[in-house]
Amino acid sequence: MGVGITVEHLNAFYGKTQALFDINITVLANHATALIGPSGCGKSTFIRCLNRMHETIPETRVEGNVRIGDLSVYNGTSATLLRRRVGMVFQKANPFPTMSIYDNVAAGLKLNGFRNRKQLDEVVQKSLHSAALWDEVKDHLHKKSGASLSGGQQQRLCIARALAVQPEVLLMDEPCSALDPISTGKIEELIFQLKEQYTIVIVTHNMQQAARVAEFTGFFLLGKMIEFDKTEKIFTNPSDKRTEDYVTGRFG
Amino acid sequence: MTGIAVLTVLLVLLPLFAIFAYLVYKGIGSINLAFLTQTPKPVGEPGGGMANAIVGSMVILGIASLLGVPLGIGAGIFLSEYGRNRYGDIVRFVSDVLNGVPSIVIGIVAYGLVVMRQKHFSALAGGVALAIMMIPTIARTTEQMLLLVPQAIREAAYGLGVSRWRTTLSITLRTATSGVITGVMLAFARVAGETAPLLFTAFGNQFWNWKTDQPTAALSLQIFTYAISPFDEWHRQAWAGALVLIVLIVAAVAAVRIAVRHGTLARA
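Quick note, the sequences are listed as chains A and B, same order.
Numbering follows this note's numbering, in which position 213 of the first sequence is assigned residue number 213; successive positions increment by one, without gaps.
Numbering follows this note's numbering, in which position 62 of the second sequence is assigned residue number 314; successive positions increment by one, without gaps.
What the hints contain is simulated information worked out from the structure, not anything from laboratory work.
Where hints are given, some of them may not hold.
[Claimed, not checked] Chain B stretches covered by chain A per the calculated footprint, using a threshold of three residues with CB under 8 Å from any CB of chain A:
1. 399–405
2. 410–420
3. 424–435
[As the list claims (entries may be wrong)] Partner residues aside, some chain A positions facing chain B, computed with beta carbon under 7 Å:
4. T56
5. I57
6. T80
7. R83
8. R84
9. M88
10. P97
11. G108
12. V165
[Claimed, not checked] Just some of the chain A residues that point at chain B, by a computed CB distance under 7 Å:
13. T60
14. T98
15. L111
Values in this document were obtained by computation on a predicted structure and should not be read as measured data.
The C-beta atom is built at its ideal place from N, Cα and C for all residues, glycine as well.
If we strip away everything but chain B, and leave its shape as in the complex, we get (with noise of 0.2 Å):
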């Protein structure tokens, strides 16, 4: 038995780190200190970098996570303690159909609602097509987690005389923390290497851009265009772009992680 549980579990981590592994033998030869300071060279130029990008999809994710988390966090709540009920059900039926929609269609979506509008390719209509990518995931999680914290609990709060809302917030979310911070860590990482929402939407640069109303660069993108290309260095730093995602993606959930962990710890 004991056996049969390790080997299921070595298969699941072998893919994971065969990728890994082989982002590192290709890509790494490319990451040096250009690649990460620099903006693209044109064709036929050696040397460049994905700075840019990098920085973009940070830029694209924050904007993502800050639409995406609270409004899902919130629907999941909504769905756990107020959505015992027609309505709720509603709203879970429609949230595992999102979930479901290709991504592609999230980014027509967005063009329509924020690129048409704007008049310009942005970061924030990449971060609005992420967001819609992770609320379905972050609701059904969060939802999930606040049903395993027992009733006993939020009664003991009642008991108090805390009002309901206070408990949900303070006690039965408080309680469910760590696994909500895992849907939406799980959500994040999810949308963080989404390449065609953001076709129509970021869009993608070859340079420096802080407006969060232009078009933007993000590493999947970069990887993308760079991949479709006829050109070897493009390739290699293909790769390389293709590892820093995934260090940067590994970083934030990692980091994350500490920090709830620290926090919690610190006020218990």
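Just chain A, with the same shape it has in the complex (with noise of 0.2 Å):
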């Protein structure tokens, strides 16, 4: 089951420069939550310091509370475990490249010293389900690798990975940015039924996008969150004039 998320006075920096000041936030549980914003607004920074991916790159710091379910994420939880609970997908499909599709899936059971063969083939089975990718791959899982899909499919091989470790939340950077509208129909298929398991927040450029798969969306603005609401109400009326300006596409 997905789990709320609360974000509390989060300040996000890259060395002296600050990419994010100031964000609260609530996302409920299995719910999809989108962000929008235009280029460099801060809101892929945001959904890294959800799953503190953030401060993998160097000389970064993030000031401020997260919580993600009973988890207190910048407070004494080990970034590996917190990671376990909180999956990701990236904005440009990266499966491993020597790696089988079993193998692609299974990694993050496996590399954690998982070894149960049975339940690793139930594990990955039940995953590519998840990800609509089952049917597609399931008669060369051992023979092909992950980088021998089409870009489609990688992406959805990256959504299966990420299920695999069974997380609670699934944080999505731009999903479907580089794919075709045939493979981003089938992504945003997913997450329609992706939440009724688990809570899901997305980045993404497309506004329709936003529009389809979101029942809550926040508009960020130069490292500010400028409004947060229901997706209906950020696309109909929304309170802040900037919102409006962007989402009416008079800007950005």
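The two chains are supplied separately, each in an independent frame; assemble them into the complex guided by the hints.
Structure (structure tokens):
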């Protein structure tokens, strides 16, 4: 089951440059929340703060509180344990190039010491089903490498890989930005189904996509969260003039 | 354009083939069962072989690889994953300098470090000398190959909750395996024919020796001794030894390549 996310007074820095300013947000469990905004506004930085990926870049820093379910992200929780509960799908599909499809999906469990072959088989099959990829790859799980799939399939493989660790939250950083409309449609459909079991936070440049998949939408501008509300309200009747300008296409 | 490319390829391959052909021409006549199974005969007696030197070379190279490969790969991992700072720069500089140190100097160092202490010339000392020569090549190629692995691949592993060292070993290093192996093989092939660093370390031996703390024969040393001798028979055997050495190096490199290819396929 998914869990909720609470963010309080979050500030993030790259060296001396501040990228996020005092972000406060509550994300409901088992819903999809979209983050929109022009390039460089801090939405990717924001979701990378949720699973502490931000700190893997040298000389970065985070202040503030993030709670994921009952877990306090920046107070004594180990980053590796946290990331097993908060899965991530990246902008560009990044399957492990030397591994087979099976090993890609099983990687998270195997590398963390899980060895039970039978259970691994089950998890791999279930995850590939959840990612709507099973039928396309079931005949060559062990023979084909993850890198031999098409772009859209690779991205769904990465989703399956993230799901295999059985996270509670799934972060998606522009998961469709490199995909054609058909693959994009498949992934959006997937997000709809995944909501039942996971809490989803998705960064997107595509406003129609936000409108299609998310119940809640946040609008970022220059490192600040300008507005956070129900998706319908953001797109039809936003409270802030800047949000209105952005969603109506007057800038950005 | 294609013509120029083909021409340059031929120019590059020509010396290799020329050397190989000349070695076969000069050496093949002296290679027989006795050459591969017997130890050298005293001067004046015909026959005899280099069996002890062939085995000795394998032992010395085995010791060198056992020491040099893990250290070199370890240093390469440090440089690429943890060495984007001043310590890394220092290690890079030192390793480049080490790469330029004449091999005879490295032989003297191994003499001081191992031979003086053991009070014996030994296969171990020879292995240490060759290992020191392998390390910088392996370290720098490993570093380069690991840097070629996209950051996105590491992030994918971090995102799954895989720790940093586990990511380095099981994801980054594994993705770069074939490049790292190339570096190891380059270093191996380079030291396999080295003579100077073995002069005061392994020393050479006319007889069988199975102990790693005793003077040990090596093909390169045997070739050297025979080639500067005044006897025609020994000259012929030196050519044969050179041919065997080259064939052994090619075989070792090919075997590792094939093994690695099969290994990755079986796992993938």
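Going through the hints against the structure:
1. Coverage of the segment 399–405 of chain B by chain A holds in this model, with 3 residues showing a Cβ closer than 8 Å to a Cβ of that chain against a need of three.
2. Under the rule that three or more residues need a Cβ within less than 8 Å of chain A, the assignment of the segment 410–420 of chain B holds, with 8 such residues.
3. Counting residues of the segment 424–435 of chain B whose beta-carbon sits less than 8 Å from any beta-carbon of chain A gives 3, enough to reach three: the coverage restraint holds.
4. Hint on T56 of chain A holds. Least Cβ distance to chain B is approximately 6 Å, under the 7 Å limit.
5. Annotation: I57 of chain A was flagged as interfacial toward chain B, and the flag is violated, the nearest CB pair being 9 Å apart, outside 7 Å.
6. With its C-beta approaching chain B no nearer than about 5 Å, T80 of chain A sits inside the 7 Å limit, and its interface hint holds.
7. Residue-level restraint check for R83 of chain A holds (minimum Cβ-Cβ distance to chain B is 4 Å; threshold 7 Å).
8. Interface hint status for R84 of chain A: upheld, as the beta-carbon distance to the closest one in chain B is roughly 3 Å, under 7 Å.
9. Below 7 Å, beta-carbon pairs count as interface contacts, and M88 of chain A has one with chain B at about 4 Å; its hint therefore holds.
10. Nearest Cβ of chain B to the Cβ of P97 of chain A: about 6 Å, under the 7 Å cut. The hint holds.
11. Hint status for G108 of chain A: holds, given a least beta-carbon distance of 4 Å to chain B, under 7 Å.
12. With a least beta-carbon distance of about 6 Å to chain B, the hint placing V165 of chain A at the interface is held under the 7 Å criterion.
13. Hint status for T60 of chain A: violated, given a least beta-carbon distance of 14 Å to chain B, over 7 Å.
14. Hint status for T98 of chain A relative to chain B: holds, with the closest Cβ pair at about 5 Å, below 7 Å.
15. Hint status for L111 of chain A relative to chain B: holds, with the closest Cβ pair at about 5 Å, below 7 Å.
Comparing the model with each numbered hint stated earlier shows that hints 5 and 13 do not hold.
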